[in-house]
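My request is simple: use the sequences and hints to build the entire structure.
Protein chains: 4
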Amino acid sequence: MQAATTTSGACQGYSQAERFNATRRLSEALVASLSDADATIQSMPDASPAKWHLAHTTWFFETFLLRDHLPGYARFDERWPFLFNSYYEAEGARHARAARGLLSRPSLDEILDWRRHVDQAMQALLDRPDVSALVELGIHHEQQHQELLLTDIKHALWCNPLGPAFADPIPVAPTERDAPDWYEHPGGIARIGHDGAGFAFDNEGPSHRVLLEPFALAGGLVSNRDWAAFIADGGYRTASLWLSDGWAWVNAEGVSAPMYWRGDEAFTLSGWLARDPDAPVTHISYYEADAFASWAGMRLPTEFEWEAIGQSHDASGGQQLDVGASVNPVPSNALFGGTWQWTRSAYLPYPRFRPANGAVGEYNGKFMSGQFVLRGASCATARGHSRSSYRNFFYPHQRWQFTGLRLAKDV
Amino acid sequence: MQAATTTSGACQGYSQAERFNATRRLSEALVASLSDADATIQSMPDASPAKWHLAHTTWFFETFLLRDHLPGYARFDERWPFLFNSYYEAEGARHARAARGLLSRPSLDEILDWRRHVDQAMQALLDRPDVSALVELGIHHEQQHQELLLTDIKHALWCNPLGPAFADPIPVAPTERDAPDWYEHPGGIARIGHDGAGFAFDNEGPSHRVLLEPFALAGGLVSNRDWAAFIADGGYRTASLWLSDGWAWVNAEGVSAPMYWRGDEAFTLSGWLARDPDAPVTHISYYEADAFASWAGMRLPTEFEWEAIGQSHDASGGQQLDVGASVNPVPSNALFGGTWQWTRSAYLPYPRFRPANGAVGEYNGKFMSGQFVLRGASCATARGHSRSSYRNFFYPHQRWQFTGLRLAKDV
Amino acid sequence: MQAATTTSGACQGYSQAERFNATRRLSEALVASLSDADATIQSMPDASPAKWHLAHTTWFFETFLLRDHLPGYARFDERWPFLFNSYYEAEGARHARAARGLLSRPSLDEILDWRRHVDQAMQALLDRPDVSALVELGIHHEQQHQELLLTDIKHALWCNPLGPAFADPIPVAPTERDAPDWYEHPGGIARIGHDGAGFAFDNEGPSHRVLLEPFALAGGLVSNRDWAAFIADGGYRTASLWLSDGWAWVNAEGVSAPMYWRGDEAFTLSGWLARDPDAPVTHISYYEADAFASWAGMRLPTEFEWEAIGQSHDASGGQQLDVGASVNPVPSNALFGGTWQWTRSAYLPYPRFRPANGAVGEYNGKFMSGQFVLRGASCATARGHSRSSYRNFFYPHQRWQFTGLRLAKDV
Amino acid sequence: MQAATTTSGACQGYSQAERFNATRRLSEALVASLSDADATIQSMPDASPAKWHLAHTTWFFETFLLRDHLPGYARFDERWPFLFNSYYEAEGARHARAARGLLSRPSLDEILDWRRHVDQAMQALLDRPDVSALVELGIHHEQQHQELLLTDIKHALWCNPLGPAFADPIPVAPTERDAPDWYEHPGGIARIGHDGAGFAFDNEGPSHRVLLEPFALAGGLVSNRDWAAFIADGGYRTASLWLSDGWAWVNAEGVSAPMYWRGDEAFTLSGWLARDPDAPVTHISYYEADAFASWAGMRLPTEFEWEAIGQSHDASGGQQLDVGASVNPVPSNALFGGTWQWTRSAYLPYPRFRPANGAVGEYNGKFMSGQFVLRGASCATARGHSRSSYRNFFYPHQRWQFTGLRLAKDV
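Protein chains in written order, with full-length UniProt numbering: chain X, 1 to 411; chain E, 1 to 411; chain A, 1 to 411; chain P, 1 to 411.
Hints should not be assumed to be uniformly reliable.
Since the list can't tell identical chains apart, any single copy or any two copies may satisfy a pair.
With a Cα cut of at most 25 Å, we get these calculated SDA-like pairs of lysine to any residue [said to hold, decoys possible]:
id : residue 1 : residue 2
1  : K409      : L34
2  : K409      : S244
3  : K409      : F367
4  : K409      : A274
5  : K409      : G220
6  : K409      : R262
7  : K409      : H141
8  : K409      : R209
9  : K409      : L70
10 : K409      : Y350
11 : K409      : V210
12 : K409      : E265
13 : K409      : Q16
14 : K409      : D178
15 : K409      : L348
16 : K409      : R352
17 : K409      : R79
Treat the hints as calculated values from the structure; they're not laboratory data.
Quick look at the structure:
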C-alpha cells in the first residue's frame, strides 16, 4: 500500500487504523529530504524544528493513548516528555519553546525509532471504541503539525542566505471549475458549527444559530496581481487604510510586501521562484488583509458568512496536501484549498462552549483571546483534515502560514 | 452658575452651550488640586499627563471647530498642535506618546490660558446647526479624557512611594435599589446598537439585529469579598482557569491580586485606604475577569447580552462622576456605574459599519483589533456620558481603568 | 555677602563654613529659573531631575553628618531617604533610578525648605575638626551634582520640541593666554595622584610613580571646525576608524554628529544657537573621540600623560562655573575648563588603592570597571572643584556631559 | 604521523607545513564525535556553531592566503564568504552573528570537503617566506577558534536538558611540581610585551617598560573548595564586595554560583560530573573574580605583574590541549594552563601600538574598549599557542570560557 504511505490519510471510507498509519507515514515522508541539521534548527519562537513536530505528535499518542490506556506500556525514554510537551500545563513543566532549536539530541534517527516504537504499540488501540475519539484527535492533531512542519521549515530555509530548496516543485493541475464572481447570500438565520457527524474539534461547536445580514462572498481568492496593484497604489504607505495596531506593525517592522517576496520572486519550498500573478497571494497578516479590503472598498467576511457559503462546497476539493512534497498555492476556483482565508471574526467561544476535562481540554479553548479566525484550507493542509465548520486561528501580525484572503461585501 | 461648573454637563435638557461650558469647567475642576509638576508627569506609555489631557481636548476644539469652521481664527500657538495631537494620522506628525511626560513647558497655567482663549472663541460656534455634531463629539471626547485624566493621575501618584492623595474622599450615599439576583433573558432576536436619537459614537451603529440564546446576567457586580475568595482558593496559581495569553501575563508580570491592592488596603485617589469588602472589585484585566468567571463556573456576558438587559435601565443612574473630586467604587445595585464591566466580546465593527470621512473618522474604527468591549460606566465616567449602546474597549491586559465584572450564565 | 551666594565656593582662603554656604547657595541659584515641573522631569535613566539633585545632596549632609554626628537631630521627613539615596547599598533600599521623574511630590518648594532646615542644623558642624573631612566630601559631592544638574536639565529641555531655554547666555570673555601648539614631555618616571595637601577624592590616590614614554599633548582642544572636517571626510561612515563597540554603537543609534547638533546649530542651555566653529567640540562619546584621533593620525592621551602636563597648570583657570547661569564652551587656550577631556585610560584603581570603610567607601571604587577617565574640567564644573589629579569617569557611549578631547602623539 | 594529527601543532622544532597540517587536523579531531546537528546549533549570540568555526578558519586561509597570494585560485563556493566572515569590515557585508545557528546548509560534510580543498591548495604556500607571517597568523587564529569551538559546544550541550556528553573524559595526570605559596617580586622597571622572537599577535607589542610596585602573586589558582567557602560566607549576597556593574549583573541574572554548577556537580564536556574540590574554579566572570579577591582581602594582579612572573615559567607547561577530547581543569601547580586568569587590567593598547594595515589589522586593536585582560592558558588552549606576553580578553560579564583566577597582594 505504497500510495497510502504518502497520502493524507484522513479520507472517509478508510478504517481508523488505515488513517492512523497513513497519517504517520505522511509525516515521515515530509522530512525525507531533510538532514538531521535541517530538522533541528528553529528560526523563530513561533516556529518549531521539523524534528520537534515529529516528536511532539508522537508524545501525544504516547501520553494520552499508550500511557493512559495501554496497561504495561513503558515510555520509550522517560526524559523526553519534558522536551516534547508543547503547552499542556496539566502535563507539567517543559522545555522553553524558544529553545527548541538547541536540541541536537535526540537525533532525527532516534526520533524516527521512537515513532516506530509508538506506532507498533498503538496498533492495539486502533479502532477500539473506548479510545477511538482520542485516537481521532491524535490523527487530526498530527495533521495540524504536518502543516506547521512545512511552514516552519520554509521559514528556516528562507533565513539561510543560500535559499536552499526543501524539495523540487510538483506540477499541480489547475483546478478547472466554474465559480461565480460572487456567492450571494440573502441573510437570515443560519446554523453554524459542527453538527456532530464525524470528527470535529471542540471549538467548532456547539452548533447554534446566527443571524446574518445579506452579503456576498467573492468567487476567487485575491491574487498576486491584485496585491501588486495594492502596492503600486501606495497601500503600505497610506495610514488611513490600516488598523491602528496594523499601522504600528507596518512601521515597526518596515513591512512593504507580503512575507517572502523579493522583486518578482517569492521564496517557496522549492527555493526562490518567479511569482505567478494569477496565483493567490499568500503569507499576509490579518492587518494586511484588512487594509487590502479597505483599499478595495470591501471588507473581510465574518467566519459565519464564510461557513454559510462553505456548507455547500466540497471541503476535500481544491489544492490541499496529498503527498510529502513542496507545495505552493496555484490558481484555483475552489472555495477550499490554496491558502487559508482571514475572516474579520475574533476567535471566541461559541454559545455554551465548554472545553473538555483534562489535559486535552487545553487544546483550543485557552487560546480564545487576541486571535482571528481563518477558514478554508491551504495547499499544506492534509486533504480530508478541514471542514466547513473548521476554525483555524492566528494572531493578526502572523504571516508565516499559508494565509490569504477572499473579499466580502454587503448587498 | 457655580454648580454647573462642576457638574458633568451632558445632561438632557441643557443647551449645547451650557453643556460645552459645564464640561470644560469640570475638566478644570479635576486639576484644581494638582501642582504644575503633578500635571506634567507620565507614569507609563498608556497614561498621559493631566496637563496633556487638558491640552489635547482643547486642541480638538481648536483644530476641528475653530480652524475648520471659524473664519479668521488664529491658533493660540502654532507649535502646540505637534505636541497635543494624540493619534490622528491625517493631522500629521506628532510628539511621541511615551515622551509626553517630558513636556514641562508649556506650563499648566499656559494651558489654562489656552483653554480660556479657545472657550471664548468657541462661543460663536455653539448651538450652530452646521457644526453641532462636531461640537457634540468634542464634548463627549472631553468627557472620555476626564475619565482618563483621573485614572492616569491615580497611576502616577501610586508610583510615588509617598502615596500622595489626589483629593479627600467624598462620602457617597449607598445606592438603595432593589435588584434581582439575576436578570433573565429568554433569548431571541434583539436589536443592538444606537438607534439614532441623541449623540452616539460611530462604533455604536448601525443598529442591527442579533440572535441571542437564553441567558441570565448577575444582579450585582463581583465584589472585593468575592475576589478575596478567588485568591484564597489559589485562583492566580491555577493554570487551568486562565486563557493562555492570560497565564503568560500572570507569570511574566508576577500578578497575584488586582492592581493597587496591598494587604487589606487599596490605593485610591485619596491615597492608601482600607478596602471595603462589599464594594465592587476594580482594576482587573480581562484575563483576570475571565479566570474569575471560570473559577465561579460561569462566564462573562457578550456585549449583546449586556445591552439587551441594559436597554431597560437608567444609564444616568448609579455611581458616576458628578463633580471634580476623588472617586472610588462603592456598593451599588445599579446596572450602570461603579466600574466598567468586561464582556467576552472582541471589539469589532457592527454589520455595515463605516468610519466617517476625514480625521474624525480615525476616532474609533481603527482600533478594532485585539481589544475587548466593556459596557456600563464607572465612578469616573461623567454622568450623562454613557448609554446602553456605549462601547468602551481596552486590551485584555490593561487594568489601570476602573474595570470590573458582572457574571453571566446560560439558562 | 551676595556675591558668595552665587560663586562656586570652593576657593582657597575661605573657611569651610563660607565654602559650605556658598556651595549650597550656588545649587539654589542654578534652579532659580526652573518651574516645579521643570525641576521634576527626568529625560533618561542616566539623568536625574533637578529637584532630585537638590534633595540628594541634602540627604548626603543629613545622613552622613547630621544623623551620624549631631546628637538629637531628627530627620526632616523619615520617608525621604528612600527617595533620595542614590546608590549607597549600605544605606538600604531606595527608589528606582529610572523612576525619579515620577516624584511630583515633594515639591520643589518643599525641597528648598528641607535645604534651609539642614543648612541651619549644619552650622554647628562646620569647621569642626572631627567631621571636617566629611563636610569637605559633602561640599565636593554637591559640586559634582551641580554639574550633573546642568547637563541633566539641558538634556530634558532638548527633549521638548519647543526647545526652551534654561537661561539667557552669559557673555564670556575669551581667554587670552599664550599656549604652544604642543606641550612636549620627555618621558621618564612621573609622580601621579594626589599628594595629600587639600581635599581630594579617594580615587586620586595613593600617589605613585608611573613610567612615561616621550609624548606631546596638544595646546588646544579639538574645535567644532575640526569636527566638521571629520564629518565631511566621512568619519562617521568609515568603519576602520572605529573601535568595534563604537562602530556597533554608531550603527545601532544612527549617530552622525555630536549630540545636540542640528544643521549649523547646537542646543545649549540657552536654547538652539548657531555653533561657534572656534569653540571646542562637546557632547561626544569616547568612541567618537577615539575615532577622531584615529582619523587625525594621532591618539588620545593617557590620564597619566595628561596629569604630568596638568601639574604645572592652574586648575582654577579657564572657563568654569562661577555663577548660576547658562554655560556653553567658548574658545580658550587654558588646559582646564570648557570641556572635560577623554583619555584612553580605563578607570581603574591606582596601586594600593583601598576604598574607605562604611557607606562613603561606595563613593568611587565600585565604579572601576567599564568606564574611561576624563581629565580637566568643563564650563559646568564649579571653579575650584577640579585638580590636576582629578579623575572624572563615564561609560564610552555616554555624551550628555560636556565632554571633548585634546589630542596626543608619540614623539 | 598519526600522533601529529591530534596534537596541537604549534610546537617549536616543526616546520610551518607540519604545524599547519597538525593544526588543521586537530580542528577536525575536535568535531569527530559531533553530528551534523550538533555542529549546527548556536546557543547564544556570543557562541558560534562548531561547523562555523571549521568554516571560518578555512575562510581565513582561503581569503587572505589563497585569494590574495595564489594566482589562479578559484573560491570553493563564491557564496560562502558572506556566511563565514566573522567581523572583518574590510571584507564586506556578512551574515548576522546571532543567526549563525540557522545555517543547516552547507552541511558538516560539505565544510569538511572545503577544508580538504583549501588544505591541498595551501600546501603551495607553506614555508614560503613572503606569506609566512600570514600563514602563521592563520595557524594561531585557528588555534583560538579551537578553544572557542570547545567552549561553545559545551554551552550548547548544557542548554539541552538531557545534558549530553561531548566525549568521554580523559584521565589527566596531576601536575606534580613544586610551587611556592607566593611568587614575590621586588618591583621596579619591568620589560613588558613581546620582544620579537617567534610569533606573537600585534596586541602583545611593542615591548616597553612598566614600573611595578613590590607585589606577590599566588602560587596556585583559586580552587572549587575556596569558592565554596566564598559562597557559604554569603559572597553572592554581599553588595560591598562587588563592583557596581557586577552587583547589577548578579541581581539581574540571579547569579549565585559559577556557570555550570548544579549542587555538587558541574557540567563538563563529558556531561554532569561531581566537582573536584581541589580543581581550579572555572567559568567565572571578571565581576565574580574581583568580588572573590575583595572577600579574600586581596586583589587581582595587573597584567604586567602577571607577565613579570610569567616570563620565567614554561608557557607550554601545565594542563593544555593536546588532543581532540573532553577537557576539564584539574589540580596543578603550573603557572600556565587549567584556566585563563583574570587580571585587573583593562584591555588597552600598549604605548606606540599601531594595528597592521588591511583587513588583518582588524584582528585585535578594534576591541580595545570595555574588556579585561586574561593571562596564562586553559585546558582548552592548544599547547604551544600561548606565551608569557599573550593577552586574552573578554567582557567582564562573560564566563563561558575556561576562566579562573590567581590572587595577588601588595608587599
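Structure-based check of all given hints:
1. K409 <-> L34: So K409 and L34 fail the 25 Å test inside a copy (44 Å) and across (51 Å) alike.
2. K409 <-> S244: within (22 Å within a copy, 34 Å between copies)
3. K409 <-> F367: Close across copies (21 Å), not inside one copy (29 Å); limit 25 Å.
4. K409 <-> A274: neither (32 Å within a copy, 55 Å between copies)
5. K409 <-> G220: Only inside one copy: K409 and G220 sit 13 Å apart there, 41 Å across copies, limit 25 Å.
6. K409 <-> R262: For K409 and R262, the Cα distance exceeds 25 Å both inside one copy (32 Å) and across copies (51 Å).
7. K409 <-> H141: Classified as neither: same-chain Cα gap 34 Å, cross-chain 31 Å, threshold 25 Å.
8. K409 <-> R209: both (21 Å within a copy, 18 Å between copies)
9. K409 <-> L70: Neither, since 53 Å and 39 Å both go past 25 Å.
10. K409 <-> Y350: both (24 Å within a copy, 13 Å between copies)
11. K409 <-> V210: both (18 Å within a copy, 19 Å between copies)
12. K409 <-> E265: neither (31 Å within a copy, 53 Å between copies)
13. K409 <-> Q16: This pair counts as neither: shortest intra-copy Cα distance 41 Å, inter-copy 38 Å.
14. K409 <-> D178: Classified as within; 21 Å inside a copy, 46 Å across copies.
15. K409 <-> L348: both (23 Å within a copy, 16 Å between copies)
16. K409 <-> R352: Answer is between: at 9 Å across copies they meet the 25 Å cutoff, but 30 Å inside does not.
17. K409 <-> R79: neither (53 Å within a copy, 43 Å between copies)
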